[in-house]
Amino acid sequence: MTEKQTTTSAAFLATLKRDLLIAFKKKNDIVNPFMFFIIVVSLFPIGISPESDRLTEIAAGVIWISVLLASMLSMDSLYRSDFEDGSLEQLLLSPHPLFFLVLAKNISHWLVSGLPVVLVSPLLAYMLALPSEAYGTLVLSLLLGTPIMSLIGSIAVALTVGLGSRGLILAVITLPMSVPILIFGTLAVQSTLNSQSPLGYLSLMLVMLSVSVSLAPLASGAALKISVN
Amino acid sequence: MSSAAPQTFSNSQADKTMLAVRDLFCERDDRVLFKNLDFDLPEGQVLQVQGSNGSGQTTLMRILCGLNDSYEGSIKWYGQEIEEQAASFFSSLLYIGHRVGVSKVLSPVENLRWSCSLKQAVSDEQIMAALKEVGLRGFEESPCYTLSAGQQQRASLARLIISPASLWVLDEPFTTLDSKGVAMLEKILQRQAQTGGSVMVTTHHSLSIAELTLLSLG
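So the protein sequences, as listed, match chains W and F.
The first sequence lines up with residues 0 to 228 when you count with numbering that gives the first Met the number 0.
The second sequence lines up with residues 0 to 217 when you count with numbering that gives the first Met the number 0.
Any given hint could be a false lead.
Here's a subset of chain W near chain F, in silico, CB distances under 7 Å, partners left out [said to hold, decoys possible]:
#1 A9
#2 A13
#3 K25
#4 D84
#5 G85
#6 E88
#7 S93
Far from chain W, some chain F residues (derived; all Cβ distances over 12 Å) [what the hints assert, rightly or not]:
#8 K15
#9 S51
#10 S91
#11 K186
#12 L216
Hints listed in this document are in silico derivations from the structure and should not be mistaken for laboratory results.
Computed from a predicted model, the values in this text were never measured in an experiment.
Even glycine gets a Cβ: it sits at the ideal position worked out from N, Cα and C.
Excised from the complex, chain W in its bound form (with noise of 0.2 Å):
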């Protein structure tokens, strides 16, 4: 028994290496989400306003939502790939539990999509003048809510990544599902604004990662299987 643990930590370490390799060598996978990123948070003080009253009042929203859309851009990477080639064939077939491989194919893709995207958003958060007390809170928010919203990404790709011609079935199957956490990131920071406790808020969205974490690789896992059939 603590053989074959041992044996599916060893699979599941190997798994998140190869995949952080493989983003390592693709670098547009990584690179291009990244620049729309900051491009889109870039437009709205020229499209709106470059006053700081009116910035400060939309900044956490505009953050928010264009993390949302940039990571859109770059769960299409996740398996697509991993389909075209075979190696899900080889996923699917080991011996070791698909929820630990998954898994651990979520953390990599989070590692290289989402953390860039939380180390650089204090940064934006200056060019759109929001206080400099809300940093905190929204780099807070947005580690918590960037792993959620690869968890639950990729059970859209793992449905989807079968499909000839996916268009904009992904953004339509995953943003209303990432509601929650633009609510609850953005009321985050709005409360530390208002000199407020930002803990409730934040505390939801530690409950909705765990519940992600230990159900969203299952569904994908599933997803997975029904997709290679």
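Position chain F against the provided structure of chain W, taking the given hints into account.
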């Protein structure tokens, strides 16, 4: 019902049958691919599946691996339904399909490191030795998009050398190989049969392997 552990190649006469397929029926887009299909795969045998194009060879292979579940009938692994012992079945199974499971951006070594460790722990020495045996010496670290289709196929086939799996399911493994590669793969298949493992393979080549039996579809 058998009680022997499926992992070990047992020598007892009673458990020689590795895979027993009974009354298999599969329909695709209102077209019957096969029905009443019965066959046994004993230990130490290479079963070549033949048939005209579109006769359901790939579908049969995918059904046996559990990748396709739109079938009726029974498939037993050492006397038990596969679903009842999925973990043991999957650790004894190695499948290479049309899409060979080689990521184009990674090198053969990086590909093998991942695909082998999905099944069992593997060392870099084993990987290097296997790549040498399939004739990829000097290409170990090249990204697979720089390799030819036949070389990518070989990178995938290197898994056969590393794998301790007792059942190999290979879908058209000969397609992109040159004549040397064909001879090499025949030798590998023969070795698997002689050490008590089994192989199911679809191909239109006539194989020169002593332990060969044929199964015709359609």
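Here is what the structure says about each hint:
Interface restraint check: A9/W against chain F, minimum CB-CB distance 6 Å, threshold 7 Å, status holds. Taking 7 Å as the C-beta contact cut-off toward chain F, the hint placing A13/W at the interface holds, the least distance being around 4 Å. Because the closest C-beta pair between K25/W and chain F is about 6 Å apart, less than 7 Å, the hint holds. Hint on D84/W holds. Least Cβ distance to chain F is approximately 6 Å, under the 7 Å limit.
Annotation: G85/W was flagged as interfacial toward chain F, and the flag holds, the nearest CB pair being 3 Å apart, inside 7 Å. The beta carbon of E88/W comes within 6 Å of a beta carbon in chain F, closer than 7 Å, and the hint placing it at the interface holds. Taking 7 Å as the C-beta cut-off, the interface hint given for S93/W holds, the closest approach to chain F being about 4 Å. Every beta carbon of chain W lies more than 12 Å from that of K15/F, the smallest distance being close to 23 Å; the non-interface claim holds.
Every beta carbon of chain W lies more than 12 Å from that of S51/F, the smallest distance being close to 24 Å; the non-interface claim holds. Residue-level check failed: S91/F sits 9 Å from the nearest beta carbon of chain W, not beyond 12 Å. Taking the minimum C-beta to C-beta distance to chain W, about 24 Å, the non-interface status of K186/F holds against the 12 Å cut. With a minimum CB-CB distance of about 20 Å to chain W, L216/F clears the 12 Å threshold, and the non-interface call stands.
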